[in-house]
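First residue of the sequence shown: 6, per the working numbering; consecutive thereafter.
To be clear, the hints were calculated from the coordinates, so they are not data collected in a lab. Note that the Cβ used here is the ideal one computed from N, Cα and C, for glycine as well. Treat the hints with care, as some may be off.
Said to hold, decoys possible - Heads up, simulated SDA-like pairs for lysine to any residue below, C-alpha to C-alpha not over 20 Å straight-line:
#1 Lys33 / Leu84
#2 Lys76 / Ser86
#3 Lys33 / Glu57
#4 Lys33 / Lys105
#5 Lys33 / Met61
#6 Lys75 / Glu65
#7 Lys31 / Thr125
#8 Lys105 / Gly93
#9 Lys76 / Ala39
What the hints assert, rightly or not - Here are the computed distance ranges between Cβ atoms for each label pair:
#10 Ala22 / Asp90: 36 to 44 Å
#11 Pro78 / Arg104: 24 to 32 Å
#12 Pro78 / Tyr52: 16 to 24 Å
#13 Lys76 / Gln137: 29 to 37 Å
#14 Glu67 / Thr120: 36 to 44 Å
#15 Ser50 / Asn114: 42 to 50 Å
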Amino acid sequence: AMSNFGDGPYIKTIGMARAPLTAVMKSKNYVELAKENKLPKNFVSLYGNRPEQFFMATIELEDRFGEDVKKLPWPAVGLYSYFVDRLGIGLKQMLAGVRKWKLDLIDRNDLASLTDRAKTVTGIPLVDEVEQDVMEEILG
6 AMSNFGDGPY IKTIGMARAP LTAVMKSKNY VELAKENKLP KNFVSLYGNR PEQFFMATIE
66 LEDRFGEDVK KLPWPAVGLY SYFVDRLGIG LKQMLAGVRK WKLDLIDRND LASLTDRAKT
126 VTGIPLVDEV EQDVMEEILG
């Protein structure tokens with residue numbers, strides 16, 4: 006649930022399937038290829054041949070969890086990497102786009118619905134409706 010978003014319905018969940026599942030499946034596949042020494046040569050030359058090398062989040066997770074990081078399955082590390090890298094960067098770009106640099110500064114006016122159903126459920130206007138009043142004022 007998200008707070009600080011006005012009186013309307015709060016966003017309780019966001020459905021995501023394909024991208025996070027792909028991150029998990031690719032992570033599992035690359036770990037298996039590494040065990041069998043079958044990683045692509047170009048990949049190995051760029052990122053290494055061990056999961057500790059080619060999962061970028063390994064160092065961050067080691068700092069956070071210490072020795073317990075070894076208990077994490079590699080597909081979970083891949084999923085974590087997806088969320089931190091992809092979604093984290095996307096959120097930072099959105100915040101920069103609205104010139105608000107902290108999460109507690111954004112509100113419902115900074116959001117737009119991508120589908121009619123999202124608009125109906127949340128009351129947040131569609132992308133093409135967000136700035137419609139401004140455009141009408143400009144066109145006069």
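These are the hints, each one checked on the structure:
| no. | hint | in the structure |
| --- | --- | --- |
| 1 | Lys33 / Leu84 | holds (10 Å) |
| 2 | Lys76 / Ser86 | holds (16 Å) |
| 3 | Lys33 / Glu57 | holds (13 Å) |
| 4 | Lys33 / Lys105 | violated (37 Å) |
| 5 | Lys33 / Met61 | holds (15 Å) |
| 6 | Lys75 / Glu65 | holds (13 Å) |
| 7 | Lys31 / Thr125 | violated (35 Å) |
| 8 | Lys105 / Gly93 | holds (15 Å) |
| 9 | Lys76 / Ala39 | holds (18 Å) |
| 10 | Ala22 / Asp90: 36 to 44 Å | violated (18 Å) |
| 11 | Pro78 / Arg104: 24 to 32 Å | violated (40 Å) |
| 12 | Pro78 / Tyr52: 16 to 24 Å | holds (19 Å) |
| 13 | Lys76 / Gln137: 29 to 37 Å | violated (52 Å) |
| 14 | Glu67 / Thr120: 36 to 44 Å | holds (40 Å) |
| 15 | Ser50 / Asn114: 42 to 50 Å | holds (48 Å) |
Hint compliance for this structure: hints 4, 7, 10, 11, 13 are broken, all remaining hints hold.
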